[in-house]
Amino acid sequence: MTTLSRPIWEEEPSGIARLSRPLVLALVALAVTFPLYVVVVTSLSTTEAVTRAGGLVVVPRELTVAAYAQLLSGGVVTRALVISVLITVVGTAFSLGITVLAAYGLSRPGSLFHRPLLFVVLLTFLFGPGIIPSYLVVNALGLIDSYASLVLPTAVSAFNLIVMRSFFMGIPGELIDSARIDGAGEFAILRRIVLPLSKAVVAVVGLFYAVGYWNAFFNALLYINDNNKWPLQMVLRTYIVQAQVLPTGAGGVASGTGLGMAPAPSLAIKMAIVVIAIVPVLLVYPFIQRHFTKGVIIGAVKG
Amino acid sequence: MVLPVIVLLGVFHYVPTLGNVIAFQDYSPYVGIRGSEFVGFGNFGRLFSEPAFWQAVTNTLTITAVQLVFFFPVPIGLALLLNSVLSVRLRTLIQGVVYLPHFFSWVLVVSLFQQMIGGAGLLAQSLRANGYEAVDLMTRPDTFILLVTAQSIWKDAGWGMIVFLAALSTINPALYEAAAADGANRRRRLWHITLPGLRPVIVLLLILRLGDALTVGFEQFILQRSAVGGDAAEVLDTYVYYQGLLVGDFGYGAAAGLFKGVVGLVLVLVANRFAHLVGEQGVYSRS
Numbered sequence: 001m002t003t004l005s006r007p008i009w010e011e012e013p014s015g016i017a018r019l020s021r022p023l024v025l026a027l028v029a030l031a032v033t034f035p036l037y038v039v040v041v042t043s044l045s046t047t048e049a050v051t052r053a054g055g056l057v058v059v060p061r062e063l064t065v066a067a068y069a070q071l072l073s074g075g076v077v078t079r080a081l082v083i084s085v086l087i088t089v090v091g092t093a094f095s096l097g098i099t100v101l102a103a104y105g106l107s108r109p110g111s112l113f114h115r116p117l118l119f120v121v122l123l124t125f126l127f128g129p130g131i132i133p134s135y136l137v138v139n140a141l142g143l144i145d146s147y148a149s150l151v152l153p154t155a156v157s158a159f160n161l162i163v164m165r166s167f168f169m170g171i172p173g174e175l176i177d178s179a180r181i182d183g184a185g186e187f188a189i190l191r192r193i194v195l196p197l198s199k200a201v202v203a204v205v206g207l208f209y210a211v212g213y214w215n216a217f218f219n220a221l222l223y224i225n226d227n228n229k230w231p232l233q234m235v236l237r238t239y240i241v242q243a244q245v246l247p248t249g250a251g252g253v254a255s256g257t258g259l260g261m262a263p264a265p266s267l268a269i270k271m272a273i274v275v276i277a278i279v280p281v282l283l284v285y286p287f288i289q290r291h292f293t294k295g296v297i298i299g300a301v302k303g
Numbered sequence: 001m002v003l004p005v006i007v008l009l010g011v012f013h014y015v016p017t018l019g020n021v022i023a024f025q026d027y028s029p030y031v032g033i034r035g036s037e038f039v040g041f042g043n044f045g046r047l048f049s050e051p052a053f054w055q056a057v058t059n060t061l062t063i064t065a066v067q068l069v070f071f072f073p074v075p076i077g078l079a080l081l082l083n084s085v086l087s088v089r090l091r092t093l094i095q096g097v098v099y100l101p102h103f104f105s106w107v108l109v110v111s112l113f114q115q116m117i118g119g120a121g122l123l124a125q126s127l128r129a130n131g132y133e134a135v136d137l138m139t140r141p142d143t144f145i146l147l148v149t150a151q152s153i154w155k156d157a158g159w160g161m162i163v164f165l166a167a168l169s170t171i172n173p174a175l176y177e178a179a180a181a182d183g184a185n186r187r188r189r190l191w192h193i194t195l196p197g198l199r200p201v202i203v204l205l206l207i208l209r210l211g212d213a214l215t216v217g218f219e220q221f222i223l224q225r226s227a228v229g230g231d232a233a234e235v236l237d238t239y240v241y242y243q244g245l246l247v248g249d250f251g252y253g254a255a256a257g258l259f260k261g262v263v264g265l266v267l268v269l270v271a272n273r274f275a276h277l278v279g280e281q282g283v284y285s286r287s
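Protein sequence lines, in the order shown, are assigned to chains A and B.
So that you can map any letter, position 231 of the first sequence is 231 in the UniProt record's numbering, and since no number is skipped, the others follow by simple counting.
So that you can map any letter, position 97 of the second sequence is 97 in the UniProt record's numbering, and since no number is skipped, the others follow by simple counting.
No lab work stands behind these hints, which were simulated from the structure alone.
Quick reminder that beta carbons are idealized off the backbone N, C-alpha and C, glycines included.
Heads up, a few of these hints could be off.
To be verified - Label-pair ranges, simulated between beta-carbon atoms:
| id | chain 1 | residue 1 | chain 2 | residue 2 | range |
| --- | --- | --- | --- | --- | --- |
| 1 | A | P172 | B | P173 | 29 to 35 Å |
| 2 | B | P200 | A | I171 | 27 to 33 Å |
| 3 | A | W9 | B | G10 | 55 to 61 Å |
| 4 | B | L175 | A | V58 | 43 to 49 Å |
| 5 | A | D145 | B | T92 | 40 to 46 Å |
| 6 | A | Q289 | B | L146 | 46 to 52 Å |
| 7 | A | G173 | B | L81 | 40 to 46 Å |
| 8 | A | Q244 | B | P141 | 18 to 24 Å |
| 9 | B | R209 | A | W9 | 33 to 39 Å |
| 10 | B | V278 | A | Q244 | 48 to 54 Å |
As the list claims (entries may be wrong) - To spell it out: a stretch of chain A is covered by chain B in this simulated footprint if at least three of its residues, at any positions, have a beta carbon under 8 Å from a beta carbon of chain B; those stretches are:
| id | segment |
| --- | --- |
| 11 | 53-65 |
| 12 | 153-166 |
| 13 | 214-221 |
Could you put the whole structure together from the sequences, leaning on the hints where they help?
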């Protein structure tokens with residue numbers, strides 16, 4: 001079952017196609033994986049390996065985890081990592097909660113103000129409010145330099161809401177009506193009937209929110225001035241993209257000698273920051289991918 | 001149940017939308033919207049006579065055009081290529097690899113590109129090691145537009161493929177068989193069956209992109225603007241950000257943002273009307 005057979009009416013591929021097709025596919029796969037590979041190998045390299053390679057390391061030799069030990073033993077990156085993890089966990093739970101509630105509320109035609117409320121949600125697709133007025137609202141609410149500014153302004157994704165609503169609408173109304181006759185309230189129906197039937201879509205939407213929070217950079221750029229409150233993406237931008245020098249010692253990154261090993265080269269430390277930003281995405285990615293194959297997203301978007 | 005979402009959208013979407021009135025004010029944060037003086041279309045007058053603004057508009061539209069030509073066909077090609085792979089396991093594996101970068105942040109994508117083709121990157125490093133002059137493709141204004149297109153392709157071409165794969169799977173295989181029986185070769189089947197089958201999706205996505213012509217992505221450009229310089233890397237969104245928030249000219253920045261919002265809305269509506277005219281479904285239906 002892992003290979004489809006070629007239909008009998010289809011001609012055998014020509015020699016060029018037989019050669020070029022796997023080649024192109026391999027190049028495409030390599031274009032994605034090679035940069036990741038180099039970054040990981042360099043982050044694990046010793047000073048000698050980096051010096052010998054003249055920079056980034058392609059062929060792994062003399063590996064060490066010194067860079068990670070230094071980054072994770074307190075300081076700028078550790079703090080940013082903790083902030084990013086907390087924002088992602090709290091933000092995802094919050095977004096998912098209110099999205100489930102709203103999607104259920106909007107999935108039952110005939111409920112109070114159903115159409116106008118749906119319109120209010122859909123209209124947000126057509127235009128954005130603009131950067132300046134958004135900033136002024138967050139500022140007026142006193143949320144500048146608060147962690148809430150990293151969650152609240154982008155807590156609702158109308159897209160995710162519509163995806164979930166489409167799925168809920170596919171649940172037979174009879175099921176819900178029978179529960180109502182048995183005396184279940186709306187929250188009980190949602191918890192005992194709708195959610196158990198919708199695990200896949202809840203998982204996908206949750207993962208989308210989580211990846212969104214983890215990758216968020218825009219909100220922090222606009223609303224967080226205090227660099228002690230920076231999430232990881234801002235740290236990545238400052239020390240990698242803008243190539244500012246990472247502070248060492250107190251308040252910065254621990255030096256290797258304090259941990260009983262040789263200090264990692266600064267390039268390995270930089271690459272380790274990149275890897276730390278990638279790993280969570282890689283961890284949840286297989287779950288996201290599993291649900292794609294079920295066509296949850298595509299089906300919902302089409303409907 | 002819908003209330004929390006409505007409140008959040010109200011506060012963080014609709015209130016700021018109304019807040020665009022400051023585009024018509026000489027806005028001062030000390031006195032707020034109520035205390036600031038209305039100046040009619042004064043901000044827009046300044047905006048339209050400002051060469052830097054038109055430079056940002058030109059850059060934005062050029063980038064959109066280049067992406068339409070170089071980015072847009074890539075997912076279609078990838079989908080056709082992948083669709084011809086017979087091994088299901090290989091197909092799943094490649095899909096898994098090419099979707100991945102979509103889930104990376106722009107900061108991460110720019111970082112990776114920098115490490116590969118930047119001044120201290122792998123390309124420069126190996127050129128130097130072999131006695132050539134090192135190049136830094138991350139800071140050159142003249143090739144910047146190709147750089148951002150390459151980044152977009154790397155990040156999102158695989159993801160863009162999904163919708164085409166879905167469309168390909170809905171084409172009736174009997175059509176191919178009948179065409180083959182009538183003597184149509186591979187190329188003719190592609191032209192007469194596959195591409196017409198993909199047409200509704202292609203038209204829909206083209207329209208969405210055209211409606212979004214003024215949006216090329218804020219993060220990708222704000223990250224690289226200082227390295228490349230404003231002449232090449234200033235787009236509308238970064239212009240709004242710099243003039244409004246960094247220079248502190250709120251009313252003027254909001255005017256630039258509102259210009260973008262209104263023109264963008266008109267573009268979406270026009271593009272959709274056009275889709276109906278040519279007999280496609282468009283983004284939303286007529287009812």
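Here's how the hints hold up against the structure:
1. P172(A) x P173(B): 29 to 35 Å: Distance hint for P172(A), P173(B) holds at roughly 32 Å.
2. P200(B) x I171(A): 27 to 33 Å: Taking Cβ atoms as reference, P200(B) and I171(A) lie about 29 Å apart, which means the hint holds.
3. W9(A) x G10(B): 55 to 61 Å: Once the Cβ atoms are compared, 59 Å apart, the range 55 to 61 Å for G10(B) and W9(A) holds.
4. L175(B) x V58(A): 43 to 49 Å: holds, 48 Å
5. D145(A) x T92(B): 40 to 46 Å: holds, 45 Å
6. Q289(A) x L146(B): 46 to 52 Å: violated, 30 Å
7. G173(A) x L81(B): 40 to 46 Å: At roughly 43 Å between Cβ atoms, L81(B) and G173(A) fall inside 40 to 46 Å, so the hint holds.
8. Q244(A) x P141(B): 18 to 24 Å: holds, 22 Å
9. R209(B) x W9(A): 33 to 39 Å: Holds, since R209(B) and W9(A) (Cβ atoms, about 36 Å apart) stay within the stated range.
10. V278(B) x Q244(A): 48 to 54 Å: holds, 51 Å
11. 53-65: holds (count 5)
12. 153-166: holds (count 6)
13. 214-221: The restraint on the segment 214-221 of chain A holds, since 6 of its residues have a Cβ under 8 Å from chain B and three suffice.
In the structure shown, a violation is registered for the earlier hint numbered 6 alone.
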